[in-house]
Amino acid sequence: MVSIRLPRLFEKKRGSRRTGSQAWGRAGEACFYAALLAAGMVFTAMLGRRIVEAPGGLASIGLWMWLLTLLLPGALLSIGGSGLARLIHGWGRSEEGMAALRRFPEMFQPSGRASEAEPFPSVPPWENLNNSPGTILRYRLPLESPESWSVFGFGLFAVLWNAVVVLLAVTAGVGFVGGQTDWLLLSILVPFVAIGVAGVVIFVRALVLQTAVGPTQIEIADHPLRPGDRCDVYLGQGGRGMFRRIALSLELEELATFRQGTDTRTERRVVHEIPFAEWRAISIAPGRRFEERASFEVPAEAMHSFASLHNAVTWRIAVHVEPAKWPRFTRHFPIIVLPQRTGPALLNVPPSRLAVVGSGR
Amino acid sequence: MMSGSLQERLEPRVITEFDRPSRRYDPEETVRLRYHVTGTGDAVVRVIERSALWYSEGKGEEDLGVCFFERLTDPQGLPPHTRRGEFAFRLPASPMTYEGTIVKIRWCVRIRLFFVGRRDFVSEHVFDVGELPPVQLPLQPRAVGR
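Line by line, the protein sequences are chains V and C. The letter at position 89 of the first sequence is residue 89 when you use our numbering, and the numbering goes up by one with no holes. The letter at position 25 of the second sequence is residue 386 when you use our numbering, and the numbering goes up by one with no holes.
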């Protein structure tokens with residue numbers, strides 16, 4: 001009985017995972033890239049022929065024009081050619097084989113083994129967290145501030161949108177002065193102005209919230225940390241006036257990036273929150289700042305920090321601030337937690353000839 | 362009717378035996394295992410790939426990292442001549458097996474058989490690195506899509 005699986009017209013798909021036959025998928029991809037390559041070759045041949053047959057040859061159309069006309073066939077040739085080369089390179093290889101080939105080409109040499117190891121594969125590098133010395137404790141942690149990008153985004157939107165509004169307003173004003181009132185333009189201008197004003201208000205509010213309360217400084221005594229480690233923390237909070245509450249906690253967040261259709265989405269979820277210090281009814285005098293010390297312990301059975309291409313597990317110190325006159329906010333300071341100690345010689349083990357890990361694909 | 366023709370329907374199986382029945386290892390330990398390939402009949406296997414890797418599961422796209430990879434092509438070392446094999450590899454210091462809520466990390470050994478004139482067959486055998494307890498949400502999950 002012949003058991004050839006024909007390609008299905010419809011299949012489930014999420015991101016790069018598919019339920020269909022990989023062989024058929026690759027064959028389809030190969031046909032697509034081959035068609036692009038063939039089209040590029042045909043266009044190039046046609047152009048070459050026209051140039052050769054033209055009276056005066058290349059000089060008649062000019063070098064720049066000739067290069068310009070090569071853009072489209074050149075793009076087709078490069079996309080088709082590189083796609084086909086990638087397919088041929090991966091043809092007959094498994095996903096593990098491809099991952100190994102990308103990370104350790106030496107594995108495919110006659111010796112068949114990788115030659116060096118990272119000390120903690122898939123743990124994010126921590127050099128950038130350790131390069132700022134603290135004033136009280138050893139390391140000053142950098143602020144992880146997605147809010148700053150939000151403020152930048154609001155500002156950019158406000159500027160671009162209002163530039164369009166000004167352009168429309170000038171056009172409408174010139175017409176009005178010239179005695180020709182364009183009512184259609186004016187009716188469009190009204191909602192545009194409203195959105196422009198709202199954009200400016202949102203931007204100014206975000207900017208004030210970001211800057212009014214004052215900077216937050218976190219320093220720690222040791223870094224990177226291990227499960228079970230206890231670590232001292234120094235908190236410095238700028239600003240003036242009353243604060244209802246300032247609290248510190250240690251958080252573990254999971255982050256997953258996935259594709260939905262053509263969108264790339266990222267989901268974050270805090271799976272552990274360990275509060276370790278809290279102060280209430282704080283008054284900060286002008287020119288001073290709130291300074292306190294505390295300590296926390298990384299849980300003994302904690303997962304280490306992890307990052308790959310689409311997934312991450314991150315540890316961070318969260319500073320929750322509730323000013324009396326402003327909305328509450330949280331600022332995050334990432335830290336790195338290394339894997340549990342499995343023996344006294346963990347860091348002194350020579351690199352294995354076999355055990356090497358790559359990440360992502 | 363069973364025959365050696367291309368139309369024969371195979372039911373390959375790879376039975377593995379880890380040196381530790383619990384299949385739980387610490388980072389940087391050496392894992393040793395034996396395997397036995399059955400159900401391939403007279404079909405000719407042209408390549409066997411033996412690999413150890415971690416992969417992510419959960420909401421995000423799958424990532425994987427290869428720790429050990431070996432490709433056997435000598436016909437004398439492949440079914441139907443040889444149906445048994447063994448190999449060993451040393452685990453890295455990380456990542457550890459993790460059972461999170463939207464991110465999970467699993468370790469496995471994969472044995473992949475490439476047949477002549479047939480679709481390849483892969484057998485996956487999961488083991489644990491480290492002994493982390495699964496995450497249990499102590500607080501209301503806060504999910505933010507962007």
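Because the hints were derived from the structure by calculation, they are not lab data. Please note that a few of the clues may not be correct.
[To be verified] These stretches of chain V come out as covered by chain C in the derived footprint (C-beta under 8 Å, 3 or more residues):
{"no.": "1", "region": "86-100"}
{"no.": "2", "region": "264-275"}
{"no.": "3", "region": "300-313"}
[As the list claims (entries may be wrong)] Listing some non-contacts, in silico: residues in chain C with all C-beta distances to chain V over 10 Å:
{"no.": "4", "residue": "Phe-379"}
{"no.": "5", "residue": "Tyr-396"}
{"no.": "6", "residue": "Glu-410"}
Note that the Cβ used here is the ideal one computed from N, Cα and C, for glycine as well.
Going down the list of hints, with the structure as the test:
Beta-carbon proximity to chain C at under 8 Å applies to 7 residues in the region 86-100 of chain V; the threshold of 3 is reached and the given coverage holds. With a cut-off of 8 Å between beta carbons, the region 264-275 of chain V has 9 residues touching chain C; three or more are needed, and the interface restraint holds. Residue count for the region 300-313 of chain V with a Cβ under 8 Å from a Cβ of chain C: 11. That meets the three needed, and the coverage hint holds. The non-interface label for Phe-379 of chain C is consistent with chain V: the shortest C-beta to C-beta separation is roughly 16 Å, beyond 10 Å.
No Cβ of chain V comes within 10 Å of the Cβ of Tyr-396 of chain C; the nearest lies about 16 Å off, and the non-interface call holds. Distance to chain V contradicts Glu-410 of chain C as a non-interface residue, since its nearest Cβ pair spans about 6 Å, not more than 10 Å.
The structure fails to meet hint 6 from the earlier list, while all remaining hints are met.
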